[in-house]
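Asks: Next come the chains, spelled out residue by residue.
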Amino acid sequence: MDLIRILKAVMTVLIIVVFLFLLFSAYEHYRMTVSTAGLIDATGAIANDLVLNDLALQEGGAKVAYVIDPGRITSLSFSKLIASENFGYRIRISSTETEWSAGGEAPEGRETCSIVLPVVLFENFRHVPGKMEVVVWRA
Amino acid sequence: MGERGISDVLSIAIMFLIAIFSGVLLHSYGASIIPSANNGQLQLKVEYAYKVLELSQVENSSLTYLEAISENLIMENIGEDASLPGDYVRERLDNVLEYIRPPGYGLVLEAEYGGAEWVQVSPPGLTAENRNFREFSGKVTMVVAEAGGGETSIIAQVNVRLRMFQVS
Numbered sequence: 001m002d003l004i005r006i007l008k009a010v011m012t013v014l015i016i017v018v019f020l021f022l023l024f025s026a027y028e029h030y031r032m033t034v035s036t037a038g039l040i041d042a043t044g045a046i047a048n049d050l051v052l053n054d055l056a057l058q059e060g061g062a063k064v065a066y067v068i069d070p071g072r073i074t075s076l077s078f079s080k081l082i083a084s085e086n087f088g089y090r091i092r093i094s095s096t097e098t099e100w101s102a103g104g105e106a107p108e109g110r111e112t113c114s115i116v117l118p119v120v121l122f123e124n125f126r127h128v129p130g131k132m133e134v135v136v137w138r139a
Numbered sequence: 001m002g003e004r005g006i007s008d009v010l011s012i013a014i015m016f017l018i019a020i021f022s023g024v025l026l027h028s029y030g031a032s033i034i035p036s037a038n039n040g041q042l043q044l045k046v047e048y049a050y051k052v053l054e055l056s057q058v059e060n061s062s063l064t065y066l067e068a069i070s071e072n073l074i075m076e077n078i079g080e081d082a083s084l085p086g087d088y089v090r091e092r093l094d095n096v097l098e099y100i101r102p103p104g105y106g107l108v109l110e111a112e113y114g115g116a117e118w119v120q121v122s123p124p125g126l127t128a129e130n131r132n133f134r135e136f137s138g139k140v141t142m143v144v145a146e147a148g149g150g151e152t153s154i155i156a157q158v159n160v161r162l163r164m165f166q167v168s
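As you go down the protein sequences, you meet chains H and L in turn. When we follow our numbering, the leftmost residue of the first sequence carries the number 1, and every step to the right adds one. When we follow our numbering, the leftmost residue of the second sequence carries the number 1, and every step to the right adds one.
Next comes chain L alone, as it looks inside the complex:
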């Protein structure tokens, strides 16, 4: 009778545990749905931040921010001066990146052409290593007329990447 009593208690306890465990599993089903939707929104934000840099114009200039950066990199490559000095563009870009970055997130802008690089982080001073990113990248194509003092024009493509990360 004692053994039957123990087996009864055991079977009921196991049934109870299975019921609780299955309840936990059922509640965790679909746990990734909302994070997935939030990720979609974050991807949209980084894409739109890139478009702002691609299409909005630098103060007192008709060049867009990405065009100004690209021109600086291309001119650095051929040893000539850009129409907008790099320091001026960097300062303006600091303000724009600070304005467009979502609260709680940082932005890293990277541009590269022919070995020359442009890296800018907002907020400044923050290191962007070892972080999870969402990114959007593209190319800026520029035609530089009479490059290097010659009569030919060069068509240059600058690779640009904008990455967004969570600031801890």
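Isolated chain H (complex conformation):
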């Protein structure tokens, strides 16, 4: 009888330990999921901001929405603050004829997220289709 009681107590403690382990594991998984989703959202936000503001073609003092002037790539800071978090990025813009790229590399082992967007480039005084790739990481 005592042996059975001891066994029951041990099994109960074991189940509690397993439950606590699962709880901790689920929390870590949730934290990582939220962090990854945050990086994905930040990547889209940075790419959007680059097209609409930092790289936007200037005509008559006004920005032309959704048209990129690739020459402005040299004026970028390659760092953005989003929701109190600092993000670093590098960028590559390409048309069917030319390519521009700038920015640093992510620290080794750092999680990165990239997005490739079709964009309109101001090239040779014409608006031509192009692509912009942005790779983002937490600084």
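Worth flagging that the hints you see were computed from the coordinates, not collected in a lab. Treat the hints with caution; some may be incorrect.
[Stated by the list, open to error] Partial chain L-side listing against chain H, Cβ under 7 Å, derived:
| no. | residue |
| --- | --- |
| 1 | 26 |
| 2 | 27 |
| 3 | 49 |
| 4 | 52 |
All values derive from a computational prediction rather than experimental measurement. For every residue, glycine included, the Cβ atom is placed at its ideal position computed from N, Cα and C.
Take the given structure of chain H and dock chain L to it, following the hints.
Replies: The following block gives chain L in isolation, referenced to the frame of chain H:
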């Protein structure tokens, strides 16, 4: 004693099952967060693909791709020729759609005016039915001066829709 033994084993087994089941539930909490973020990126891509067609110019022309399509539809409606032939625009558009569509995804461009339609799919030959889409739509407004040989101008609005789907 036998019945008490069985009830003890049963209660421990149920506790174990509850612990495992709750672990599964806890891990599945927030499972939709990353797909939701990915959907946001895909929506951004289809919006930007639409903007490329709206703002980039057809080769050897000042018209944008959507303007060229709209002009073709409007002119078809009033029985006149467009400045850029439809076949030429379609061929150029095939190249642009192929260039801007994300790998693993197809694009369907649909434009409609006064009963006339323009539908173009990339990659060509693929059917776009029965697929899940992300879409972006808008209107292209054009003024056609001295339409139909008369002295009045018409202002026409063409409905355009760009849809993106996953190619299986």
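Asks: Compare the structure with the hints numbered earlier in the document and write down the numbers of the violated ones, lowest to highest.
Replies: none
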